[in-house]
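Those protein sequence lines, which keep their order, are chains A and B.
Those letters in the first sequence? Residues 622 to 783, by the numbering used here.
Those letters in the second sequence? Residues 1166 to 1599, by the numbering used here.
A few of these clues could be false.
Okay, the calculated bits of chain A under chain B, using three or more residues with CB under 8 Å as the criterion [as the list claims (entries may be wrong)]:
(1) 649-656
(2) 703-712
Keeping only pairs whose Cα atoms sit at most 30 Å apart, straight-line, the calculated DSS-like set for lysine-lysine is [as the list claims (entries may be wrong)]:
(3) A/K722 to B/K1466
(4) B/K1294 to B/K1507
(5) B/K1294 to B/K1410
(6) B/K1294 to A/K665
(7) A/K691 to A/K722
(8) B/K1173 to B/K1410
(9) A/K691 to A/K665
(10) A/K675 to B/K1410
(11) B/K1466 to B/K1410
These aren't lab readings, by the way, just hints derived from the structure by calculation.
Beta carbons: idealized from backbone N, C-alpha and C, even for Gly.
Here are the chains, one letter per residue:
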Amino acid sequence: MEQDHYPDALLRRILREVRTIAMVGASPDWNRPSYFAMKYLQIKGYRVIPVNPKAAGTEILGERVYASLKEIPDKVDMVDIFRASAAVPPIVEDAIAIGAKVVWMQIGVRHDEAARRAEAAGLTVVMNRCPKIEYGRLNRELSWGGVNSRIISSRRRLEARR
Amino acid sequence: MSDRPNPKEPGFSTLAVHAGATPDSTTGARATPIYQTVGYVFDDADQAASLYNLQTFGYVYSRLGNPTVSVLEERIAALEGGRGATATASGHAAQLVAFFALMQPGDEFVASKRLYGGSITQFALTFKKFDWRVHFVDPDRPENFREALTPRCKAIFVESLANPGGAVADLEPIAEIAKKAGVPLIVDNTLATPYLCRPFDWGADIVVHSMTKYLGGHGNSLGGAIVESGRFDWFASDKFPALSKPEPAYHGLTFAETFGDFALTMQTKAVGLRDLGPALSPFNAFLILMGTETLPLRMQKHAENARAVAEFLAGHPQVGWVSYAGLETSPYHQLARKYLPKGPGALFTFGLKGGFEAGVRVVESVEMISHLANIGDTRSLILHPASTTHRQLSEEERIAAGVGPEVVRISVGIEDADDVIADLDQALAAAARP
């Protein structure tokens, strides 16, 4: 997959099919981007399970925090990575191990080798994007802030997820 | 004709009609409704908190965002090939809000000396009250921008096509100088419009507009816009704390971290519009939005008429010179071919051999062309800057801005070119009578 271009149809499919997201690097601080993304995705009906060894055992936005992906007792559909690019490979290994279907790396996070490894294991990979921003863009909410959604449509806005 | 640099992307005319404007999600209304509304209900206290914290997208209060205004913002962002836009009450407000995001007290910027007279006054005198300092340079030699840069400089500012003389800025090398200095190049693209020139294609980082002019196009609504390319790295230095550091005016939120490539679009709304206040009226947004739909058609006609009028004036015995960059005699002819291949706009100046008196006589003698201080209208407009818009400048500043006593400015409309020419012809004849 070309790193800088993901078709809208692919992103829509991911956001429609995914139910549970494990957010690696979720922060308990309200003004951190991961907290924003977690809160937004919860509002949109996703279950978001925070993963952060420093906050393990506490709660963020009503969800128990786990130290690693492997400790999560529930089924995880997507792993959202809020970590430096260099930290990606072991997270991808864990994502494969727990049976996640999608690995999504946040804006500024990219690891081509780890992405190839995940794709070889049958996972779908998105890099250098934010699921909150893509959800907002595809559902025209980003447009409310004057952001260019690049969407031309003669249909009413229908959410990617019901 | 097709304006389709990338076959995957819709063409310019398609964007002009559709970008930002899908059918209303509640009613299905196809044209964008006028949301003449101020407040928007919260579902509950938690959602209200999320909105105030910018954790979720949505409308709170129309000073920060309005459903009609945001359609226009997205439209302008799409036409410029940018990531996002913020609409403001006027072009001057757009400049204020853009600089407010970049500048701290004591900061400086370098600007072309060939600017709209109102911008020169805003930068040199009014901005001084914020302790912001401007250095004006001759833009015809791009190196002048580099030489004027100081460590406190936070931006370079030019007009792509300058008001009133029609000088064309050499955007590519100027953008390179800005990039090396780690500061954004801000381009006022009002006169060119994105139909004739897209500054982001040449390396600009921020575009500002007076939408009052060609984007609205009908002389009926004030409006301004700030557009960001999404390519400027706010974290590359400590120069832009309002974007790259926790913002005390927003509970410690770091805009560039949270919003990435549309950080400026969010900052100019959440802090700029919130605290300075110059939001665009929804009704004006509606009228300007309607104007943008015909922007390609109007700009073609404006450009075609301007060429015919410039050629007529260039051949008139009472006219000493014509500044239109489409003429081969213009010093900007090559730059115009590079940056404005569809035509160098429809606003230019010409010099009357009869000087100040002749200028006054011509603007007082026109019958169809309107004598007023606006540009970019469907109607042809004429002005004698030395006695009106540029009156507050010193004689030296007027000459520097290209508006000496003999200079007349014309904004060529979309009437039949023959009628514009006939009116100028009779006004010139009237001016020649003793």
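Quick one, are B/K1294 and A/K665 close enough, alpha carbons at most 30 Å? violated (46 Å)
With a cut-off of 30 Å on the C-alpha distance, tell me whether B/K1294 and B/K1410 pass.
Given pair B/K1294, B/K1410 holds - Cα atoms ~24 Å apart, limit 30 Å.
Between A/K722 and B/K1466, is the straight-line Cα distance small enough, at 30 Å or below? violated (54 Å)
Against the 30 Å threshold, does the CA-CA distance of B/K1294 and B/K1507 hold or violate the hint? Not satisfied, since the Cα-Cα distance of roughly 40 Å exceeds 30 Å.
Notebook entry, point to check: Is the straight-line distance between the alpha-carbon of B/K1173 and that of B/K1410 30 Å or less?
Noted result: violated (36 Å)
**Asked** In terms of beta carbon proximity below 8 Å, does the region 649-656 of chain A have 3 or more residues touching chain B?
**Response** Per the Cβ count (4), the hint holds.
* To do: Assess, step by step, whether the Cα of A/K691 is no farther than 30 Å from the Cα of A/K665, and give holds or violated.
  => holds (25 Å)
With the threshold set at 30 Å, check whether the alpha-carbon distance from A/K675 to B/K1410 stays at or below it. holds (24 Å)
query: Holds or violated: are the alpha carbons of A/K691 and A/K722 at most 30 Å from each other?
result: holds (15 Å)
Coverage criterion applied to the region 703-712 of chain A (partner chain B; beta-carbon cut 8 Å; 3 residues): It is violated: at least three residues are needed, and the region 703-712 of chain A offers just 0 whose Cβ sits closer than 8 Å to chain B.
Exercise. For the pair supplied as a hint, B/K1466 and B/K1410, is the alpha-carbon distance within the 30 Å limit?
Worked result: violated (47 Å)
Of the numbered hints given earlier, the model fails hints 2, 3, 4, 6, 8 and 11; all others are met.
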